[in-house]
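Chemist: Full structure from sequences and hints, please.
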Amino acid sequence: MDKIIISIFILAGSFFILVAAIGLLRFKDLYARLHAGTKAPSFGILLLLIGVSIYFNTPVVYIKSLFIIVFIYLTAPLGAHAIAKSFDNKGKNKKQ
Amino acid sequence: MKILKKTYYLLAFCLFYLFKLVQSNIYIAWDILTPGKQSNPAFVEVPVILNSDTGLLMFSNLLSMTPGTLSLDISRDKKTMLVHVLYYSDEEQIQNGLKEMQQKIKRITG
Amino acid sequence: MNDSISTTVLLIAFSLLLAALILAFTRLLKGPSINDRIAAMDVISIVVMGFILVYSVLINNAMYFDIPIVISLISFIGTVAVSTYLKHKNG
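Residue numbers (my numbering), protein chains in the order written: chain A, 55 to 150; chain B, 3 to 112; chain C, 63 to 153.
A few of these clues could be false.
Said to hold, decoys possible - Dumping the calculated EDC-like pairs for lysine to aspartate or glutamate here, alpha-carbon to alpha-carbon at most 16 Å:
1) B:Lys39 with A:Asp83
2) B:Lys22 with B:Glu102
3) C:Lys151 with A:Asp142
4) C:Lys92 with A:Asp83
5) C:Lys149 with B:Asp75
6) B:Lys108 with B:Asp55
7) B:Lys80 with B:Asp55
8) A:Lys139 with B:Asp75
9) B:Lys81 with B:Glu47
10) B:Lys81 with B:Asp55
11) C:Lys149 with A:Asp142
12) B:Lys80 with B:Glu47
13) A:Lys139 with A:Asp83
14) A:Lys118 with C:Asp128
15) B:Lys101 with B:Glu47
These aren't lab readings, by the way, just hints derived from the structure by calculation. Remember, it's a predicted structure, so these values are computed and weren't measured experimentally.
Modeler: What follows is the structure in C-alpha cells.
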C-alpha cells in the first residue's frame, strides 16, 4: 500500500514538471511563460519531496525536505518578480 | 484571547493557501495540455490596503501562487501594485477577489 | 530494505523528467530575450533537483538529500543576480 502511494506521488511530481516545460515552450509571451514556470515546477517538486520523504521515513529527511519546500515557496515568486521587472518591453505595457 | 484568534486566522489562511495552490496548478495544467487558446492576458492595477512589509510579502506570494495572477511591480509609495492576469474577464470581479485576499491577510498581521 | 519501489515507476519518472529537460533546453536555446533564458534556467534547476531525488530512491541512499538544498540556494541567487544586472544595463 505504501509503495502505491509513493509511486503516485513521484509520478505526479514528474508530470507537473513536464507540464511546466511544455508550457514554457508553448506560451506566446514572457509573462505567460512566467506563469507556467513559477507555479507548476514548485508544485511538482513539492509532490516529489513528499513522496521521497515518505519512502525514506527518517526525521532528518523530513526536516531537510521541509527546509527545501519552504525555501522554494519563498523564492519562486521573488524570482519571477525579478525577471518580470527587469524585462525591457520598450514601454509598451507599463501604464505610466 | 487575541492570540488565539490570530492563530485561528493563520491556520485558516494556510488551508486557503493550500486550496488555492492545488486549484491554480490544475488550472494551468489544463490550459497547457488542451489545444487552443483560452488565455486572455491583461494588466491590472490593484490598490494595496496593507501597511506592513510582512503582509505585503504574504500578499505578493499568495498572488503569484493563485490561479492566473502574477505580481509584477509595486509603486514607490507602496500604494498600488501592477498585476498580470492571465484569464481576464471582468475588472470588478478581479478587484473584489484581490481585496478579499488582502482583508484575510490584514486580520493576521494587524 | 527489500520493499523498494518497482524500477518501472522510477524509469517512467526519469523519462518524464528527461522530456522536461529537453523542452526547457529548447527554450533556453531559442528564447527571443535573455529573460526567457533565465526563466528556462530556473525550470532546468528544478528538473535537475527532481533527477537527484528520483536517483536517491533508485539507489536507496538518503545522503543525496543535501544536493537539492544547495541547488535551490544557488539557482535563486543566480536568477536575482542576472536580473539585477539586466535592470542596471537597461537603465
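Chemist: Does each hint hold? Answer for all of them.
Modeler: Status of each hint after checking the structure:
Between Lys39 (chain B) and Asp83 (chain A) the CA atoms are separated by roughly 13 Å; this keeps the pair inside 16 Å, and the hint holds. Among the hinted pairs, Lys22 (chain B) with Glu102 (chain B) is consistent with the structure: their alpha-carbon atoms are about 14 Å apart, no more than 16 Å. Taken as a hint, the Lys151 (chain C) and Asp142 (chain A) pair is honoured in the structure, with Cα atoms around 10 Å apart against an allowance of 16 Å. For the proposed pair Lys92 (chain C) and Asp83 (chain A), the alpha carbon gap of about 13 Å is at most 16 Å, so the pair holds.
The straight-line distance between the Cα atoms of Lys149 (chain C) and Asp75 (chain B) is roughly 13 Å, inside the 16 Å bound, and the hint therefore holds. The hinted pair formed by Lys108 (chain B) and Asp55 (chain B) meets the criterion: a straight-line CA distance of about 11 Å does not exceed 16 Å. Pair hint Lys80 (chain B) plus Asp55 (chain B) holds up; C-alpha atoms about 10 Å apart against a cutoff of 16 Å. Between Lys139 (chain A) and Asp75 (chain B) the alpha-carbon distance is near 7 Å, which keeps this suggested pair within the 16 Å criterion.
For the hint pairing Lys81 (chain B) with Glu47 (chain B), the CA-to-CA distance comes to about 10 Å; that is within 16 Å, so the pair holds. For a cut-off of 16 Å, the pair hint linking Lys81 (chain B) to Asp55 (chain B) stands: about 12 Å separates their Cα positions. Only pairs whose Cα atoms come within 16 Å are accepted, and Lys149 (chain C) paired with Asp142 (chain A) is accepted, the gap being roughly 8 Å. Taken as a hint, the Lys80 (chain B) and Glu47 (chain B) pair is honoured in the structure, with Cα atoms around 12 Å apart against an allowance of 16 Å.
As the CA atoms of Lys139 (chain A) and Asp83 (chain A) are separated by approximately 15 Å, the hinted pair is consistent with the 16 Å bound. Note on Lys118 (chain A) and Asp128 (chain C): the hinted pairing holds, with a Cα-Cα distance of about 8 Å set against a maximum of 16 Å. With a CA separation close to 12 Å, the supplied pair Lys101 (chain B) and Glu47 (chain B) stays within the 16 Å bound.
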